[in-house]
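*Asks:* Residue-level listing of the chains:
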Amino acid sequence: MEQEIIALLRRREEAGIELLVRHYGALMRYIVTPILPREQDREECLSEITAKIWEKIDQFDLQKGSWSAWLTAVSRNTALNHARRQAAHDDVEELTEAVPSDQPTPEEQVMRQELQAALSAALMQLSFQDRTLFYRKYYYLQPTAQIAAELGMTERAVEGKLYRIKKRLRGRLGGVIHD
Amino acid sequence: MTDRNWDPAEERKFDAMLESGLPELPPKEIVEEVTPWRGAFNRVLVGIVFGTVTLNFLWLDYILPAIGAVLSLLGYRALRRENRWFGGCFWLTVLSSAYFFPALILNTTILAGLPMIQTLQNRMAIVGFALRLAEFVCLWRGMGRVQQKVGLAAEGNGVKSLIFWYLLVGALAAVGYSGWIIFIGVLVSYYFIIRSIYRLSKAMDEAGYTIQAVPVKVSDSRLIKIIGAALLAGGVLGYLLGGSYPMDWQEAQPDQSSDTAELKTQLAELGFPEYVLDDLSAEDLAACKGALKVVYDVQDKKVERAGTKDLRVTGVAVQLAEPEGQWVVFHHFLWTRDINFYGTEAIQLWPVYRDIDEGWAADGEVTGRLLYDRGGKTFAAPYYFLGNQTYTQDSIFWGQQSKTDVFAAFSLPRAGEHCRGYVTYQTRNIQSGYLFNSWFNYTHQRTWLQYPVITAMESRMKNCWNTAGAFYTVQDALQFYPFKEDGGRIHEIG
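Sequence order for the protein chains is A and B.
For the first sequence, position 119 matches number 119 in my numbering, and the numbering has no gaps at all.
For the second sequence, position 217 matches number 1217 in my numbering, and the numbering has no gaps at all.
Next comes chain B alone, as it looks inside the complex (with noise of 0.2 Å):
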């Protein structure tokens, strides 16, 4: 601006011929374009439809409502002061603002799939409905203000059509019904609404002009980049901080007693790889006392999309001679390079006697730990999360299905060297002749793109493919038939 230097008398002399260069007759567009009311209340509109119409692919469901909360902010604010039914759609959407941004923030962390913050979601989304469906009633009131503020009958058709037709999906969504018929009907129905209300907002144009638009300080484009940068900077913070979990690494401070150290030589002499004999508790190594047989599996996998066989799992099954027919089972990993992506983890365990339960019954938890190393030192923590989860699984060959499984839930860290670790548990033979069969499912997070984010155990709960979004799951079974005398090593390295 500091190149205004134009002399203020040729300015006016400027100014007089733009004023008497223009045409008798605006252009209809400007006529229709220049009033207080249209802008504003498109916005509302469009606010609307956006904020209701739920289109669930390429993040619509998140962009659209995002889109339309701006706008009803950005309408309602320029009409708040009309009349106190549009001051209390603004703040109603104030209020649903004040959820909705930090809840699109929260999805970019993994605490939105903790079950307090799900509870949460589930209340805030009643109340969400309950302040939408009160936004609809003062903007029907607030119009019918303004209609009559200049003696005109008041017309609200088509906001009442659209309160008796959020209730009804309101009223849909609570009984969970999903039939087609209706939800299509809703939908055309839905399109009636939204056109009868742009009419109305057509018809309000003439009582519209009376409108006093609020002034600004601060002006819709720029607190658009405010929100902008906010969920910006919000959503950045969430992945960097939030997209792992909290361990509880220590230094881990190796046994060397003389029984550890003899019970280890015993387990080597019997297969046992040393490298995960290593890595056991000494409660998981104690569980190993009396060991007959040792059974082991090893494959290398690759998880990360580029490079080579990045993770070893080593599947070991003990045979213990008291009691008859008692098995430890530890399913071991290794990551044998860098990680590329430090997110969540999972494993997932079928052990023995999941499938096979008139051969094999379980004996006590499942166990384990995680460990890495730093500058000559070994770090051990427990798994954020072990045991059993119970979740809802869709599939396309089998439908709906309810399962329970063993999970463990965890994080690496970035600057850990070999990072790895291990679940363990025991099963007991009560029948002889069945195989043993036994399942270690690894999922890895290869990315941070993800929106909404979840945990590599989620993602496993929602999906049974091993490629899901950001994640990819490897499977290894130790698989043998434990009553025959040579069924010691099914595989080497693979």
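Just chain A, same shape as in the assembly (with noise of 0.2 Å):
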């Protein structure tokens, strides 16, 4: 199915975007709702979103990464600006929805990437499960609640391991954030 729709949006079919709100729509909404709580802004969104695919699905890089995690991306950042022209109403410079999302200065930049990488040693370090919960808070912008919930806990358990985690990463990226 996934190759299906790949296909006919490449093709700029309209018969792709139908398959996609079908087999992927349940995806999209899952992701923009811990960021748009309005229903209404999550249907504005959720439009943006499709357009944003048809727009962009030639940037979709299998090696870069699977087709539910550029969905996932695609989704989340189109929220995230979203909600962020909703609390501003003026020209917040806007993620772009697709990769990368930022025009930083070339200094920025170079602190970012050194901070990824960082970051990213530093969660390999985690359990898969710590892991996991640590996007959920951090990439996916979950509530708590829902983290709970989904995850068999109370929310006071997994505030626990959130700051667990926190307290570990603050430990193994102290020479990043001074700098």
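Calculated directly from the structure, the hints in this document are not laboratory data.
The structure displayed is predicted, hence computed values, not measured ones.
Hints may contain errors.
To spell it out: a stretch of chain B is covered by chain A in this simulated footprint if at least three of its residues, at any positions, have a beta carbon under 8 Å from a beta carbon of chain A; those stretches are [to be verified]:
| hint | segment |
| --- | --- |
| 1 | 1019-1032 |
| 2 | 1145-1154 |
Below, in silico cross-link-like pairs of lysine-lysine (DSS-like), each with a Cα-Cα straight-line distance of 27 Å or less [as the list claims (entries may be wrong)]:
| hint | chain 1 | residue 1 | chain 2 | residue 2 |
| --- | --- | --- | --- | --- |
| 3 | A | K64 | A | K52 |
| 4 | B | K1462 | B | K1302 |
| 5 | A | K56 | B | K1028 |
| 6 | B | K1149 | B | K1160 |
| 7 | A | K52 | B | K1149 |
| 8 | B | K1264 | B | K1289 |
| 9 | B | K1217 | A | K161 |
| 10 | B | K1217 | A | K166 |
Backbone N, C-alpha and C define an ideal beta-carbon position, used for all residues, glycine too.
Combine the two chains into a complex, taking the hints into account.
*Replies:* Here it is in structure tokens:
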């Protein structure tokens, strides 16, 4: 199904959009919901996401990440931009929904790459469960209640675990933070 | 958590840094993991596999279904509010667990072997089968609902196949079929069905994002610990309190009448061992009135693993003057040192007429009693069970055999000294020339370590070997030629 949708979108066939929404609409909504609490915003955002995917489909590269990961990134970044627009009502610089999301200065870019490398290395020291929990919180921006429900934990347990993860990361990223 | 002393502003800055430090594209394995559906459904799936496949070794037939029941509970707990079918799955699993977990605890007691409990368990097995079938139907409908919710066509062939497979297995079990070809076929089909369900679960990932997981007040890990602790506590109590028979011990009142004393003297003069005579009840002693001859045999046996010989077994046969050819037989045992473990004991009696019915005939019932000493007093109790038991035994030599034997089942008190007892019966010699051959098989429980718990009598009925799990059997035979004038003592203390 995944290959079929990608092929249709690349051929600019609208059936691709229809299939995309049918099969991946639930995923997009799942990503967007924690970021946009209002239903109306979510509906607008979902339309935006499909439009972005239609526009940026040629940027999808399986070598860089899976189809689901790319859809997740596009949905998340579009939702974040939507939320920022709603919050500021001004010309806040938007994340580009496709990769990369930002246009920082060369110096910022170097620092960010250093941070990403350090964080990536630090995250690899965590267990898979802890890493997933971390991504849920800091990438998917899911509220604690949602994380707790989906992992069969209490909110307090989630908070405790996140605290311990952050404490470990703080120790490992100390040098990068102070730089 | 007392060291949470980070400055809030600092923490927000750190959080922002963590957010910005993550890569644009999340790793594939994280994307696959972050779903409200996969974890819960995988638990359900593994629960189905563990709960349905039975591996009868290393207690896996109990361990895997127990893990399966817990996983099913946790899986359906997360999905139960998604639709009423998943809710049905959850409550059906709760119902199954309400029977399954207490049954696991019951297996740590000897109660599980009671005929009434076994009948109940057989009925509950049928109920359990029906509940599992209903669970599969609910699962199939529940998955369909989730797919329909997002406009996808309902696919549930894997679950439908599972339902038919389960019905087939149930039908085979009902007719008692155990052929290898169908067994292998069923096993292979089961593998493919589970694989198709797994694939379906992956397909469900698309629709599964719509599922709203239910917030929990008790976390999965805590629930697992609670169930584990309850099973452990129940098991410990079961082993401590349910591992032996309730015995009716009463202080023994010795019969000090002159008739009894005279009879004892007479029997002792004929060679009847006095320590056995002292243990006989008035009725059993009276049965020896008019004794002509006494033949006895004493053997010391090693029953416990460590130490020296600890069980003295004495066989005594008393020939009566009247009626002619009448014998009274006693098989007596005496623990000569403290027992290491007090669980259940059993005596399996093979009377002289069991195998040589051309020469010997039964005359009356088997009786007997148990005794022990404490604080200078003697206590006595009837056996918990004494009578015939019909049972089926599998033997690699003779196949499946149905047998009926006399059994005595009992437990001995922890505080008792000189724990002992005897069984006695009468027999009539209906044709001379036959060997007197009476067997006494004593089965002792050496350790509490067995699951499910069975009694010494059940162990003896299941196994013909002397060493069987927690049990050990010693055998003694009183054998002599009664028609020989010198057919007296065959053995002294062995």
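*Asks:* Each hint should be assessed against the structure and marked as holding or not.
*Replies:* Going down the list of hints, with the structure as the test:
1. 1019-1032: That given contact holds, which follows from 14 residues of the segment 1019-1032 of chain B lying within Cβ reach (below 8 Å) of chain A.
2. 1145-1154: Coverage by chain A holds for the segment 1145-1154 of chain B (3 residues, Cβ < 8 Å).
3. K64(A) to K52(A): Status holds; Cα separation ~18 Å.
4. K1462(B) to K1302(B): holds, 22 Å
5. K56(A) to K1028(B): Between K56(A) and K1028(B) the Cα gap is close to 20 Å, so the pair holds against 27 Å.
6. K1149(B) to K1160(B): holds, 20 Å
7. K52(A) to K1149(B): holds, 25 Å
8. K1264(B) to K1289(B): holds, 10 Å
9. K1217(B) to K161(A): holds, 17 Å
10. K1217(B) to K166(A): holds, 24 Å
Violation of the numbered hints given earlier is absent; every hint is satisfied by the structure.
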